[in-house]
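Assemble the whole structure, with the sequences as input and the hints as a guide.
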Amino acid sequence: MGSEVRPVSAWSPADAGDERESLVVARGLTKRFDGFTAVNGIAFDVSAGEVFGFLGPNGAGKTSTMRMVAAVSPVTEGSLRVLDRDPASDGAGIRAQLGVVPQENNLDEELSVADNLYVYGRYFGMRRSQVRDRIPDLLEFAQLTDRGDDKVTVLSGGMKRRLVIARALINTPSMVLLDEPTTGLDPQARHLVWDRLRELTRQGVTLLLTTHYMDEAEQLCDRLVVMSDGGIVAEGSPRQLIAEYAGREVLEVRFLPGDRDAVLTGLDGVGSRQEVLSDRAIIYGEDAEQLTTAVSRRGVEAASVLVRRASLEDVFLRLTGRGLIE
Amino acid sequence: MSHSGTRLLRGSGKSSVGGVPTHALGASRIVERNLRLARNSWVVFLSGVVEPVIYLFAIDVGLGRLVGDVVGPDGTPVSYAAFAAPALLAASAMNGAVYESTFNIFFKLRYGKLYDAMLATPLTPSDVALGEIGWSQLRGLAYACAFMVVMGVMGLIASPWAVLAIPAAILMGFAFGAVGMAVVTFMRSWVDLDMVNLALLPLFLFSATFYPLDVYPRALQLLTQLSPLYHGVALIRGLTLGAVGWGLLGHVAFLAVMAVLGGVVAARRLARRLLP
Chain A
1 MGSEVRPVSA
11 WSPADAGDER
21 ESLVVARGLT
31 KRFDGFTAVN
41 GIAFDVSAGE
51 VFGFLGPNGA
61 GKTSTMRMVA
71 AVSPVTEGSL
81 RVLDRDPASD
91 GAGIRAQLGV
101 VPQENNLDEE
111 LSVADNLYVY
121 GRYFGMRRSQ
131 VRDRIPDLLE
141 FAQLTDRGDD
151 KVTVLSGGMK
161 RRLVIARALI
171 NTPSMVLLDE
181 PTTGLDPQAR
191 HLVWDRLREL
201 TRQGVTLLLT
211 THYMDEAEQL
221 CDRLVVMSDG
231 GIVAEGSPRQ
241 LIAEYAGREV
251 LEVRFLPGDR
261 DAVLTGLDGV
271 GSRQEVLSDR
281 AIIYGEDAEQ
291 LTTAVSRRGV
301 EAASVLVRRA
311 SLEDVFLRLT
321 GRGLIE
Chain B
327 MSHSGTRLLR
337 GSGKSSVGGV
347 PTHALGASRI
357 VERNLRLARN
367 SWVVFLSGVV
377 EPVIYLFAID
387 VGLGRLVGDV
397 VGPDGTPVSY
407 AAFAAPALLA
417 ASAMNGAVYE
427 STFNIFFKLR
437 YGKLYDAMLA
447 TPLTPSDVAL
457 GEIGWSQLRG
467 LAYACAFMVV
477 MGVMGLIASP
487 WAVLAIPAAI
497 LMGFAFGAVG
507 MAVVTFMRSW
517 VDLDMVNLAL
527 LPLFLFSATF
537 YPLDVYPRAL
547 QLLTQLSPLY
557 HGVALIRGLT
567 LGAVGWGLLG
577 HVAFLAVMAV
587 LGGVVAARRL
597 ARRLLP
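Protein chains in written order, with this note's numbering: chain A, 1 to 326; chain B, 327 to 602.
Hints should not be assumed to be uniformly reliable.
Chain A residues, not near chain B, derived (Cβ > 12 Å throughout) [what the hints assert, rightly or not]: (1) Pro57; (2) Gly93; (3) Arg239; (4) Arg273.
Stretch-level coverage of chain B by chain A, calculated; a stretch enters the list once three of its residues show a Cβ under 8 Å from a Cβ in chain A [stated by the list, open to error]: (5) 357-365; (6) 428-440; (7) 444-457.
Keep in mind the hints are simulated off the structure, nothing from the lab. The C-beta atom is built at its ideal place from N, Cα and C for all residues, glycine as well.
Structural data, given as structure tokens:
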């Protein structure tokens with residue numbers, strides 16, 4: 001066996017017929033804590049085999065939603081079915097088939113890397129031999145093969161994260177929930193985690209993830225919902241959302257504080273739409289070259305001008321008037 | 327479906343998994359986790375055995391010589407060491423269970439995210455409560471056995487009924503452990519934990535531990551009978567001294583009710599705290 005872990009049984013369209021099975025169905029899903037509404041009547045479906053994302057800033061209600069799906073937080077109102085079961089009456093049955101990667105690593109810091117996997121498998125009621133057989137594959141998946149006997153506390157942030165992801169696979173889950181899988185990791189560690197998650201999607205597993213990184217959502221998600229203040233403000237594939245809400249290309253015109261009014265007057269009417277932030281105007285259009293020409297023709301006194309492709313960040317800005325990372 | 331080979335994933339949601347473990351089974355998984363950890367920390371075991379034995383020697387060679395004989399539970403005179411030894415066993419069962427379920431669990435609830443990880447699996451708050459208390463009582467079992475051996479060697483066991491003092495100490499451990507865990511879910515800071523010591527000391531001194539109940543005036547006797555340690559002491563003392571009667575079942579019932587009520591409250595409170 002090489003460094004790749006080969007799938008043996010993966011989801012394929014043939015298994016499910018034309019209609020993909022829905023693993024999560026939420027309608028009017030609401031979560032309140034002592035009068036504070038964290039999730040406000042959202043509806044979404046997650047289909048088997050897809051990577052489904054919740055994109056939104058901190059406090060948008062993503063984690064609360066994930067915890068309800070993970071059957072560790074009671075639903076306040078609305079309906080929720082997970083793996084065709086009701087979390088209120090069959091939470092343990094749901095959890096038995098899920099893999100969960102929480103926002104903060106919650107490894108057993110007193111145990112070794114391999115023992116973390118072993119003990120976790122036992123929590124799922126797996127037989128000792130069954131768990132032991134599985135550990136080498138999972139260590140390999142996490143690229144921690146030679147670290148099995150190490151204490152968890154000496155691992156780097158990226159290694160711990162990969163171990164948490166591997167641990168979430170111990171019970172061969174039907175669906176893996178990942179809450180902010182790469183928050184706090186350096187760029188290299190992030191790419192390694194993304195690489196592991198893509199490996200999972202290649203094997204056809206259903207992933208449900210939250211993120212406030214638009215690049216993460218664009219890289220990984222087949223489909224996502226944009227969340228803000230406990231509600232869903234848009235839904236679609238990253239490409240659809242960008243096309244629908246942001247257009248193709250973007251011109252960012254930065255200005256010095258004193259020039260703000262002059263610059264904005266000069267830009268008036270350029271592009272299909274504009275968003276104005278404290279230090280820059282963002283101009284949306286189909287062709288950046290046209291936008292640049294228009295701006296320079298008007299002799300706008302900009303501090304700098306930047307051309308880029310439209311992103312989910314723009315979608316979020318358009319929908320909420322705010323940035324994703326505040 | 328088979329679990330062979332290098333397959334990491336199930337893929338589709340329809341192919342279902344093996345069963346969900348029952349509570350007893352789930353709790354045993356938590357005991358197993360703690361056992362795995364304890365392989366490296368046998369010193370803790372040793373201290374739990376040594377401490378009550380030191381007390382026992384102090385009473386046998388010191389206080390016991392001074393006091394001489396006292397009136398036993400069935401009215402016959404017994405040596406003071408034979409009178410106090412079962413109380414020391416009971417007190418050590420109480421202290422062990424309470425410290426484990428308060429200080430240790432408080433730390434885990436507050437700083438570790440261990441329980442969050444456990445509860446993401448099919449395990450439930452009841453499993454966690456039962457597992458943690460069960461683990462502390464596995465240690466309690468070792469301490470009680472060691473203590474009984476020392477009592478036997480010192481000639482402080484008067485009856486074969488004494489064998490039942492070991493399960494009696496475990497029952498006490500479950501009762502105090504369950505109540506301790508229920509109480510700790512209400513605690514917010516380390517300062518609150520000092521209240522535990524404040525509660526344990528008078529229990530230790532005044533639960534008819536070091537002198538018979540009838541030295542108290544009637545009103546104080548009734549008050550003492552509300553102390554759970556009193557029931558533990560009376561039960562274990564009756565067994566090691568062979569003063570066995572139906573009355574002992576009353577003490578068993580008191581401790582059993584305490585264990586069940588404490589356990590129910592602990593599990594409910596843990597659920598509210600860990601699964602908001």
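Three residues minimum, CB to CB under 8 Å: does the segment 357-365 of chain B make the cut for coverage by chain A? Let me know. Since three or more residues must qualify, the claim that chain A covers the segment 357-365 of chain B holds, with 4 doing so at under 8 Å.
Closest CB of chain B to the CB of glycine 93/A still more than 12 Å away:
Given a closest Cβ separation of 6 Å, the condition is violated.
* Should the label of proline 57/A as a non-interface residue stand, given a Cβ cut-off of 12 Å to chain B? -> holds (21 Å)
| request: Grab the minimum beta-carbon distance between arginine 239/A and chain B and tell me whether it stays above 12 Å. | output: Fine: 25 Å to the nearest Cβ keeps arginine 239/A off the interface.
- Against chain A, does the segment 428-440 of chain B show at least 3 residues with beta-carbon separation below 8 Å? holds (count 3)
- Since arginine 273/A was said not to touch the interface, does its Cβ keep a gap of more than 12 Å from each Cβ of chain B? Given that every Cβ of chain B is farther than 12 Å from that of arginine 273/A, nearest at about 41 Å, it holds.
Coverage criterion applied to the segment 444-457 of chain B (partner chain A; beta-carbon cut 8 Å; 3 residues):
holds (count 7)
Taken one by one, the earlier hints fail for this structure only at number 2.
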